[in-house]
Amino acid sequence: MVEKLTGEARKAALSALAGWREAEGRDAIAKSFRFPDFTIAWDFMNRIAQQAEEMDHHPEWFNVYGNVDITLTTHECGGLSPRDITLARFIDKAQMA
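Straight run, no breaks: the sequence shown in our numbering ends on number 344.
Hints are computed from structural coordinates only; laboratory data are not their basis. Fair warning: there could be bad hints in the mix.
[Unchecked claim] Have a look at the derived ranges for each label pair, beta carbon to beta carbon: (1) G266 with Q297: 20 to 28 Å; (2) E250 with Y312: 35 to 43 Å; (3) K258 with Y312: 31 to 39 Å; (4) W289 with G254: 34 to 42 Å; (5) E255 with G313: 36 to 44 Å; (6) E323 with A296: 16 to 24 Å; (7) R294 with K258: 23 to 31 Å; (8) N314 with A344: 15 to 23 Å; (9) M302 with S279: 19 to 27 Å; (10) M302 with G272: 24 to 32 Å; (11) E301 with A270: 17 to 25 Å.
Just so we're clear, the structure is a prediction, and the values are computed from it rather than from any experiment. Virtual Cβ for every residue (Gly too), placed ideally from N, Cα, C.
The whole structure should be built from the sequences, with the hints applied where relevant.
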């Protein structure tokens, strides 16, 4: 079973992520990404989708044209877990590619 991040471990994990914020009203993190057009946004989402499949850990996301909003939480533990932090780091790197 996946353990929920709490206390100092949670604070440390969140402080290492640039631009991610705690999602309002739930135990999750979220970040918005903006791209010049739909094709670039879709390519970004494809890279994330491939990694998410490998991890068997899928984001909640919303896409309109060049805007992608992503929320990460681990349903298995009912909140934020190390899986979310790992995927958030990958997503940040994918944005740079």
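Results for each hint:
| no. | hint | verdict |
| --- | --- | --- |
| 1 | G266 with Q297: 20 to 28 Å | 22 Å, holds |
| 2 | E250 with Y312: 35 to 43 Å | 38 Å, holds |
| 3 | K258 with Y312: 31 to 39 Å | 35 Å, holds |
| 4 | W289 with G254: 34 to 42 Å | 38 Å, holds |
| 5 | E255 with G313: 36 to 44 Å | 37 Å, holds |
| 6 | E323 with A296: 16 to 24 Å | 20 Å, holds |
| 7 | R294 with K258: 23 to 31 Å | 29 Å, holds |
| 8 | N314 with A344: 15 to 23 Å | 18 Å, holds |
| 9 | M302 with S279: 19 to 27 Å | 22 Å, holds |
| 10 | M302 with G272: 24 to 32 Å | 25 Å, holds |
| 11 | E301 with A270: 17 to 25 Å | 24 Å, holds |
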